[in-house]
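Given the coordinates of chain F, work out where chain P should sit on it, guided by the hints.
Taken in order, these protein sequences are the chains called F and P.
Counted the way our numbering counts, the first sequence spans residues 1 to 121.
Counted the way our numbering counts, the second sequence spans residues 1 to 162.
In case anyone wonders, no lab produced these hints; they're calculated from the structure.
Do not take every clue at face value.
[As the list claims (entries may be wrong)] In silico BS3-like pairs for lysine-lysine, Cα to Cα no more than 27 angstroms straight-line:
id	chain 1	residue 1	chain 2	residue 2
1	P	K95	F	K9
2	P	K156	F	K9
3	F	K12	F	K2
4	P	K96	F	K2
5	P	K156	F	K12
6	P	K156	P	K95
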Amino acid sequence: MKMRAFFQKYRKDLLLIGGLILASGLLFLGTRLFRHPGNALTVEVDGVRIAAYPLDQDLSVLIEAVDGENLLLIRNGEARIGHADCRDQICVRRGAVKSAGETIVCLPHRLVITVLGEEIP
Amino acid sequence: MNGKRIAFLGIFLGLAMILSYVETLLPLFPFAPGIKIGLANLVTVFLLYRFRTLEAFLISLVRVILSALLFGTLFSFLFSMSGFLVSFFGMLLLKKNFRSVSVSVSGGVLHNAAQILLAMILLGSREILWYLPVLFLSGIVAGALIGLIAAVLIRKLPVVYE
Numbered sequence: 001m002k003m004r005a006f007f008q009k010y011r012k013d014l015l016l017i018g019g020l021i022l023a024s025g026l027l028f029l030g031t032r033l034f035r036h037p038g039n040a041l042t043v044e045v046d047g048v049r050i051a052a053y054p055l056d057q058d059l060s061v062l063i064e065a066v067d068g069e070n071l072l073l074i075r076n077g078e079a080r081i082g083h084a085d086c087r088d089q090i091c092v093r094r095g096a097v098k099s100a101g102e103t104i105v106c107l108p109h110r111l112v113i114t115v116l117g118e119e120i121p
Numbered sequence: 001m002n003g004k005r006i007a008f009l010g011i012f013l014g015l016a017m018i019l020s021y022v023e024t025l026l027p028l029f030p031f032a033p034g035i036k037i038g039l040a041n042l043v044t045v046f047l048l049y050r051f052r053t054l055e056a057f058l059i060s061l062v063r064v065i066l067s068a069l070l071f072g073t074l075f076s077f078l079f080s081m082s083g084f085l086v087s088f089f090g091m092l093l094l095k096k097n098f099r100s101v102s103v104s105v106s107g108g109v110l111h112n113a114a115q116i117l118l119a120m121i122l123l124g125s126r127e128i129l130w131y132l133p134v135l136f137l138s139g140i141v142a143g144a145l146i147g148l149i150a151a152v153l154i155r156k157l158p159v160v161y162e
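Just chain F, same shape as in the assembly (with noise of 0.2 angstroms):
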């Protein structure tokens, strides 16, 4: 088929799919342009927060979450999941974050750490 004649046959979908694209290059110019940067994080498990922590001292501790172990590591501003004993390893994978409102999630061990861009309340 010609390319007029299926932008204009497909027009409906084409728009909703473009829609939704958009949509998400909004969504994440946004994430970008409201970034402050942090200086503490917050660590979750089950919503409730077990602990907190700046991100300007380098430390390393072992969080207890449900159903296993995550290890939690700030160096350099950064903090990371330097090791965890779930199957997905997606918290260790997701790598460093420093910005306020990033957050690392391990699902099944529902552990959510975020970062702060104010200090801790």
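Frame of chain F, contents of chain P only:
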């Protein structure tokens, strides 16, 4: 509903289960938790267009439950279920006006968006929203892939007992 129809639906359920299992073997994408291709949704989309709505719903529902029992945890079941319900009814509504590929894309996006929302509620963290762009995009890509395959099947598969 007769024996032959039930038998064919059973085959589709089995197929969905296998696709679901195959998915557990695929490597996971590192940027966000819960990113999947959603292979089993291939069956859901196919059934939506070639069988009755109720049949598509029930087969997929049973697949979600059985998959969770076999491969998942209670926690993962909550996520699967919420993603499925939102995406299924979304697809059902869109089916009237859009073709299978875009319906599948929307299904993928809705599935992921619902799971993010649930994660935010269950884990009490608003910051999880930051994953939304990634999950949106992966929902679109996965949905498109599944939708393209489903579209071919919907059109080319000989009339199975319907």
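Find the hints from earlier in the document that the structure breaks and name them by number, from lowest to highest. As far as the earlier hints go, not one is violated by this structure.
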